[in-house]
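Undergrad: Spelled out, the chains give:
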Amino acid sequence: MKVNFNLNGRYVSYDITPGEYLADTLRSHSVLSVKKACDEAACGACTVLLDGRPILSCSFLSARVEGRNVTTVEALQDEVDEISDFFADEGADQCGFCNTGLALTILALRKELNNPTDEDIKHFVAGNLCRCSGYQSQFKAIKKYLEAHK
Amino acid sequence: MEANRYLRPATLEEAHQILLQDPKNVLLGGGLWLKKSTSFANALVDLGALGLDTIKDLGDVVEVGAMVSLRDFELSPLLKNIQGGILIEAVSQIMGVAFRNSATIGGSVAGRFPFSDIITPLLALETKLVFYPHKEMTLNDFLSFKGRLSDILTHIVIKKSQGPSFFKKVKTTALDFAVVNVAIANIDGKYRIAIGSRPSVASLASKSMEVVNNAKNLSNELINKAAELASEELLYASTGAASAEYRKALAKAYVKRGLEEVSK
Amino acid sequence: MKTKVVNQKTPSVDGKGIMMGRPAFTDDLAEANSLIVKVLRSPHAFAKIKKIDVSKAKALTGVEVVLTHHDVPRKSFTRAGQGYPEPSPHDKFILDEYVRYVGDEVACVAAINESIADQALKLIEVEYEVLEPVLDYETAYENKNIIHPEDGIHEMFPIGFEPKKNVAAAYDMHVGDVEDALSKCDVVIDETYYTQAQAHAMLEPHTANARLDYHNRLVIYTATQTPYHVRRIISQTLDMPISKIRVIKPRVGGGFGGKQAIHGEFFVSLVTLKTKKPSKMIYSRQEVFESSYTRHPMRIRMRLGAMKDGTLKAIDCYSLSDTGAYGEHALTVFMITGSKVLPLYNKVDAVRFGGRVVYTNHVSAGAYRGYGAIQGNFALESAIDVLAKRLNIDPLELRRKNMMEEGETSPIFAIMGEGTEGTAMDMDTCKLRYCLDRGAELIGWKDKYPFVKVGPNKVRAVGMAIAMQGSGIPYIDMAAATIKLNDDGFYNLTVGATDIGQGSDTVITQIVAEALMTSVDKVIIYSSDTDLTPFDVGAYASSTTYVSGNAALKAALKMKSMLIKEAANYLNSKEEEVVFDGEKFTSKDKVLTLSDLANRLYYNENQHQLTATESYVGHKSPPPFMAGYVEIELDTETGEYDILHYVSVVDCGVTINPMLAKGQVEGGIVQGLGMACFEDVKYSNRGKLNSNSFLYYKIPSMLDVKKLTTEFAESFEESGPYGAKSVGEIGIDTPPAAIANAVANATGVRINKLPVTPEKIFQGLNKGK
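Protein chains in written order, with the working numbering: chain A, 1 to 150; chain B, 1001 to 1264; chain C, 2001 to 2769.
Incorrect hints may have been included.
[Stated by the list, open to error] Once the Cα atoms are required to be at most 20 Å apart in a straight line, the calculated PhoX-like pairs of lysine-lysine come out as:
id, chain 1, residue 1, chain 2, residue 2
1, B, Lys1035, C, Lys2122
2, A, Lys140, C, Lys2016
3, A, Lys140, C, Lys2707
4, B, Lys1248, C, Lys2767
5, C, Lys2760, C, Lys2458
6, B, Lys1190, B, Lys1225
7, C, Lys2144, C, Lys2048
8, B, Lys1248, C, Lys2769
9, A, Lys144, C, Lys2706
10, B, Lys1207, B, Lys1225
11, C, Lys2769, B, Lys1225
12, B, Lys1159, B, Lys1135
FYI, nobody ran anything at the bench for these hints, they're computed from the structure.
So that you can see chain A by itself, here it is in the shape it has in the complex:
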């Protein structure tokens, strides 16, 4: 079957199977920023934005993005460039495998939450697991990023 949707600002029409998942569809079309780490909606590495809201692409059927907008970091280069500076400043950049999914979650947080407390921030990004950083450097980076955009 075909799925027609807007991917990173361009209208596309891809051949898919009914049981195909979005992460696989995207990666097979060279959207390599999307990472598969657990394939069971448990770690957040595969996060993409669907109509601006974060979803887990490893467990989202590709057929269901029909007519919708899918955004990955490839289409948010300036924004992610800036976030990466805040991460670098806190030494939060290690292996990087969780970073693309996390960057999208941060952008969604910035849009959705108004004046979040520390707990609000942690609660929003908690679904993005990281095994390298111990999280505190990530949290500081996110907080400073949000403060810079008050």
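Given the coordinates of chain A, work out where chains B and C should sit on it, guided by the hints.
TA: Coordinates of chains B and C only, in the frame set by chain A:
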């Protein structure tokens, strides 16, 4: 996963017919854990075109469509206003935000997941389920309903009750399944106590409720007795996550603390 | 020493590109149209393949290759990525007629897409003779069920390999007479501790892909910590010249030791060699849990003897380690349990360490950050607190009295190496005393020890532990670096050193930039490609800063002297008269920019290419040290507890990159807390790993540790590049003992078996009720 067709029926009747045709025609909620339980489906049936994704204020109840995402459920001011926000407190502890953006309330309830964190507080409130075609039942009845339901859950109807509430999810890490969860609601002086993930799905601790609901006021002694009863009247079992004995002890401790809190 | 780049805040050279989504990881670089390789895995913990029929699988359209143990070379090897000859037994065949754990490899298929590969696996018919497995490592020794009965396996040198007794390795050593020393002590404590098979849970699953290039050479891209070892092992096992194989390590999404061993490389190599087509294999998360590696679970008996005044006189440590189905890293992890733990209390009269490593039908255990030190530390640092309580001495005081100090040594260093004899060394840098005191201050020990009541059922308590690790393996680990001068005056730096996310590319670049007095953006690093980069053993044993960094420093200094020589030539001066500031050469009143010099050397006059290659092998392994303190809030009715604050004060020498060093410590602390508190490994009674998913194996999230405070001691290790030691592993060692000690301080309940769960605390609080 392997599937032959993806369908997005335009009416509930059409959807219902498709499900009746073949047991391998599968209804999609959020579909997040579909591939864990099913390696092959004939048709994947998406209810997304049926307007079941709204939360409506119907006067003395709130009607929640089955396709409302857990995240939209979490952000609803209408639902936050019910019984001190117990539903929000519970649903916000389910996995992460991205997960809750896809998972649906209908899927979570219809699935009767034993570890469910949302079923327990819904059970402590007055919650009714609406199915297509034309069936309604209380959540409590649905949870003890035996056998396969070929009807489609379309709405969850929650009474707009007020009063103190208590919710506790015992877990290892923040994103874990509940080891045990406890929800208590004080609705106009009547207490409802629901305990879930024991590991079985939530049940009302009716004997415990009887004790506290027949009393004029709750003494410490009475609360202790009710808590003790709650830890004994329901079935608790051992799993990798915890032993039956520990689950009982947790239930007892948190029913006690919950009753103390909601009877203040 | 004031440095301009080293020990200055420096962003990593690769963080931005990765976050912006550039293809960089192994699967991002797989060839399009790669054949998909999948492995059929054993459903039994122990079985013999009586018959295997792959005809239906082969006949499926879209299937290109199916391999069974009949189709692969029969030559044993070790999957462990270690120097040659390896201290791990050669006990693995690519495919064997025995399967030794649930998840072990039975057969391999390659198909044109994933769906067909999955179908093909289902069409393989296997007749197993199910054998009785050994699932309890405490009964493995001399068990009638022998896990490795086959011929053709061997040790590379004596490591105590006795497969007929289910022993992969054994070791013992002693200094002085432990029994005699214990008999003279006022107090002896005798405790036994159990640690679990922690999973690395790195975010990137194991993956490898292979292709034939236009020289018809086998080119393997793999998520590995040891590209050179992979190349050698493949060459030796497939009887292919090493020159025909190229291994490239792209960006790796975490390793922590879990990628310090072969995973899918043989399968993609064989498929590509047979079909001449590119192929790739990606482990599912379930395969990562079930079919890669875990930490070695251990049972450790710790006896400590002391006098009334708190003088520690004797340590006796006996350990049993479970290496699972295969013996990767068996001996070396085991030895580190002693050698990087027991020297912490170096002034005892007698110390003894010994035991064995047994095979079981569990998932194979292998390298994992800490590498035995975390297991040993849990036992020793718990026991020290038990001793302190028995002696009625403050636990900090007991440590101050007995622990390693700067300038001292321990006889253990000379005796115990990593699989071989050790290297004697003095602690030229050891700021343990400072770390201990400063940590106590930061956690508020004085006001909180042992506990403070904060509510009817709530207490807050503190606990702590000290730790040490190492910096590379002396006389064994070799690293090399090459620096090439380019026109316009920038440098290419090639190193074998393996960046797996710990930042070695950045740190090594900083060292070179510092030595060449330039900026990080003028040193372009490329690493871990066996054709293009000089040798390096790989990322393990906390070696990339100390060993690889030293090689890079040497190369940079060599380049600097070559540059000065060339500049002197052009300036018609003597070398001693030339002053170089990183950008220009000055001699009396003449000036020549580096850029000009480079261009002249490329295009105009006396043209030749300047390159400098240097190597380094350590003569010592200077340990980093740390003190870890934790504050918890514990519910005395239910046993649940929250981790409020973890304080780390670390002596790792100079931090080449202060923020990345902090990241190493904090990442290690949270992984250590995972092992201490949350990560529980469960097997079914038929040997299947039940905790084989992130839904059941819980690694910490951002919500699980409230606050981390990390500081570094002022310390300068002469033998290290710009004073550095290492920092990659030390962070993981203290949390298990610190948590167990905090819980004991809070409740009096001593948990000796990890993880420290609320239920265990509850049971301890209610014993006898």
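Undergrad: Against each hint, give a clear statement of whether it holds in the structure.
TA: Results of checking the hints against the structure:
For the hint pairing Lys1035(B) with Lys2122(C), the CA-to-CA distance comes to about 17 Å; that is within 20 Å, so the pair holds. Restraint check for Lys140(A) and Lys2016(C): the C-alpha separation of about 17 Å stays at or below 20 Å, so the hint holds. Taking the CA atoms of Lys140(A) and Lys2707(C), the gap is near 11 Å; set against the 20 Å cutoff, the hint holds. At most 20 Å may separate the alpha-carbon atoms for a hinted pair to count; Lys1248(B) and Lys2767(C) meet this at roughly 16 Å.
Distance restraint check for Lys2760(C) and Lys2458(C): the Cα-Cα separation of roughly 17 Å lies within the 20 Å cut-off, and the hinted pair is therefore satisfied. Of the pairs offered as hints, the one joining Lys1190(B) and Lys1225(B) holds, with about 17 Å between alpha carbons and a cut-off of 20 Å not exceeded. In summary, the hint linking Lys2144(C) to Lys2048(C) is supported, as the alpha carbons are separated by about 16 Å, within the 20 Å threshold. Only pairs whose Cα atoms come within 20 Å are accepted, and Lys1248(B) paired with Lys2769(C) is accepted, the gap being roughly 15 Å.
Restraint check for Lys144(A) and Lys2706(C): satisfied, since their Cα atoms lie roughly 18 Å apart, inside the 20 Å limit. A distance of roughly 10 Å separates the Cα atoms of Lys1207(B) and Lys1225(B); the hinted pair therefore holds under the 20 Å criterion. Restraint check: the Cα-Cα separation between Lys2769(C) and Lys1225(B) comes to about 19 Å, which is no more than 20 Å; the hinted pair holds. In summary, the hint linking Lys1159(B) to Lys1135(B) is supported, as the alpha carbons are separated by about 18 Å, within the 20 Å threshold.
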